[in-house]
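Heads up: the sequence shown is residues 1 to 513, going by the numbering used here.
Calculated directly from the structure, the hints in this document are not laboratory data.
Be aware that one or more of the hints could be misleading.
To be verified - Restraint ranges, calculated between C-beta atoms of paired labels, are given here:
no., residue 1, residue 2, range
1, Glu-438, Ile-292, 27 to 33 Å
2, Leu-145, Ile-26, 42 to 48 Å
3, Glu-63, Glu-438, 43 to 49 Å
4, Asn-266, Ser-143, 44 to 50 Å
5, Thr-504, Glu-33, 51 to 57 Å
6, Leu-145, Trp-168, 19 to 25 Å
As the list claims (entries may be wrong) - DSS-like, lysine-lysine: derived pairs with alpha carbons at most 30 Å apart:
no., residue 1, residue 2
7, Lys-250, Lys-281
8, Lys-156, Lys-169
9, Lys-166, Lys-82
10, Lys-66, Lys-169
11, Lys-164, Lys-82
12, Lys-217, Lys-247
13, Lys-206, Lys-169
14, Lys-214, Lys-66
15, Lys-247, Lys-281
16, Lys-94, Lys-82
17, Lys-334, Lys-471
18, Lys-250, Lys-206
19, Lys-156, Lys-166
20, Lys-471, Lys-270
21, Lys-82, Lys-66
22, Lys-164, Lys-94
23, Lys-164, Lys-206
24, Lys-94, Lys-166
25, Lys-396, Lys-376
26, Lys-66, Lys-217
Backbone N, C-alpha and C fix where the C-beta goes; we use that ideal spot for every residue, glycine too.
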Amino acid sequence: MTTTKIYGAPGTGKTTRMLDLLQREIEGGTPLERIAFVTHTVAAKVEAKERIQRVLTLSNEKEQLKYFRTIHGICYGENDLKRDNVMQSEDYLKFGEYIGVPFSSNFTDDVDMDGLPVGYSLSGGNEILAVRQFAAAQCLSVSELPEEWPNWASPKLMRQVITKFKTWKDQHAKFDFVDMLQLYIDHGEPLDIDVLFIDEAQDLSKLQWQIVNKMMKRAKRVYIAGDDDQSIYGFIGADRFGFLDYKADKTEILPITYRLKTNIWNHAQKIIEQVSRRQYKPIEVRGEGGVIDFYNNDLLYLGIEHESTMIIARHHFHLQRLAQSLEVRGIPYKGRGREVHGTDQACATVAYFRAREGQPLGLRDASRMLRFIGNKEGVKKLNREARDNPGRTIEKEALSREFNVNWEANWRHYLSRNRTELGRAEIIGNILNYGGVEALENEPKVSLTTYHGCKGREADHVICLTDCFRKAYDGASRHPDDELRLSYVGVTRARERLTIVPPTTELWMRSMI
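Whenever a hint applies, use it, and build me the whole structure from the sequences.
Given below as structure tokens:
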């Protein structure tokens, strides 16, 4: 077996390099069904599959791409589990009722856009099982990590919940994500493959590394890609040095960042060079320049000048006031909050105004508009016709004649029939006033996210907020390298301009300034 380790700093095209190697393996005669492309995220898996579909005609996609999955996905398949065997949100609620400890209604083992378990720390049960998952990821027992226990939980309660959780799962033939991994380690076979690709390897836990090592035993070639400088999930169990310490036959460091300019790259290096142990990476940058500034005024009035702007905060709470300001100003955005882009109501509004201007509508768009207007019979009719004639359009005159659309009526009255829609209609109105229908129709230029959620993304202008909460502040005191890596990930999202917003409280990310 030959193992190649690929270091990819931000913007160097790490995933592209992996996909190029994947394509080379295929062109060299390796059958797809004997290749595994294992990822840490669903997004990376989808990108790999799409790349294959562009260059190959697949005769049996399900069989040929059966190993193009996340680690959990492969363990799920190799363990021959069914969906009914896997713990769902409702199962955690039932267990909570059984044990007498509450769970959030959306708790699952899966992770959200920020890499946090869904429903993370939103209730007592969530907090306890999050400790169990953290311990399992590090191949430790819960009793070995008392500093991670919720401060309200006694040793007796921790033991009771963990023990009864196992008993409850056994009685109901249920497995959670930890069980899936352990089941493969205990009973699974190495994958019947020739080539194994592992992407985002810096995010793997000790438990996941055990799985990877077992998966690859029959492989002839293994490619492992990652960036130790972007290992930011240690707080949920990722092995901070697993990728850095992995022994390989060959090591490749991608030489050019196609994202960053000199000034921003140099600032990022000042941050990351403070990390106690890391792989040095000599990198050429995209070009000279890049703007770095510190914004001391009220961020609510910061201009949005670039084609894309990303605002990054340590916690979603710090984005709420910004989101409300953008809504009042009529600036559309992506991210958590009350964003409207892509919602049925926004699409119906665009359809309404386009039709009023005289543009023909597709039947599905016309149906969506009629649903908000309240014409249920019209919706049913258009949906039936759309199924029979998917390419057909309808003109403004026909909408007026057949469905009594009044183009002079107040569109907000049409599109705000309950309290939720009323609030969203107000935001839509502000967007229309700010930039017209195009602003509502086009992809928003502004995105709101967290430092954990921004990894893998980029923008022309990146605005980094530096305030944080007590838990993160204290955590950075115990593990300063974790915050350095997190800050590094944030600032390296910027293509042209980086704005750092000084803190407004005494709790802040000290590595940023």
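Comparing the hints with the structure gives:
1. Glu-438 to Ile-292: 27 to 33 Å: holds, 32 Å
2. Leu-145 to Ile-26: 42 to 48 Å: holds, 44 Å
3. Glu-63 to Glu-438: 43 to 49 Å: Holds, at about 45 Å.
4. Asn-266 to Ser-143: 44 to 50 Å: With Cβ atoms ~46 Å apart, the hint holds.
5. Thr-504 to Glu-33: 51 to 57 Å: With Cβ atoms ~55 Å apart, the hint holds.
6. Leu-145 to Trp-168: 19 to 25 Å: Holds: the Cβ-Cβ distance is about 22 Å, inside 19 to 25 Å.
7. Lys-250 to Lys-281: holds, 15 Å
8. Lys-156 to Lys-169: The given pair, whose Cα atoms are some 20 Å apart, holds under the 30 Å limit.
9. Lys-166 to Lys-82: Holds, because 19 Å separates the two Cα atoms, which is no more than 30 Å.
10. Lys-66 to Lys-169: holds, 28 Å
11. Lys-164 to Lys-82: holds, 23 Å
12. Lys-217 to Lys-247: Holds - the C-alpha atoms of Lys-247 and Lys-217 are around 15 Å apart, at most 30 Å.
13. Lys-206 to Lys-169: With a Cα-Cα distance of about 24 Å, the restraint between Lys-206 and Lys-169 holds, given a limit of 30 Å.
14. Lys-214 to Lys-66: holds, 17 Å
15. Lys-247 to Lys-281: holds, 17 Å
16. Lys-94 to Lys-82: holds, 20 Å
17. Lys-334 to Lys-471: holds, 27 Å
18. Lys-250 to Lys-206: holds, 22 Å
19. Lys-156 to Lys-166: holds, 16 Å
20. Lys-471 to Lys-270: holds, 25 Å
21. Lys-82 to Lys-66: holds, 16 Å
22. Lys-164 to Lys-94: holds, 13 Å
23. Lys-164 to Lys-206: holds, 25 Å
24. Lys-94 to Lys-166: Distance ~14 Å between Lys-94 and Lys-166 Cα, so the pair holds.
25. Lys-396 to Lys-376: holds, 18 Å
26. Lys-66 to Lys-217: Holds: Lys-66 and Lys-217 sit about 18 Å apart, inside 30 Å.
This entry satisfies every hint, going by the numbered hints stated previously.
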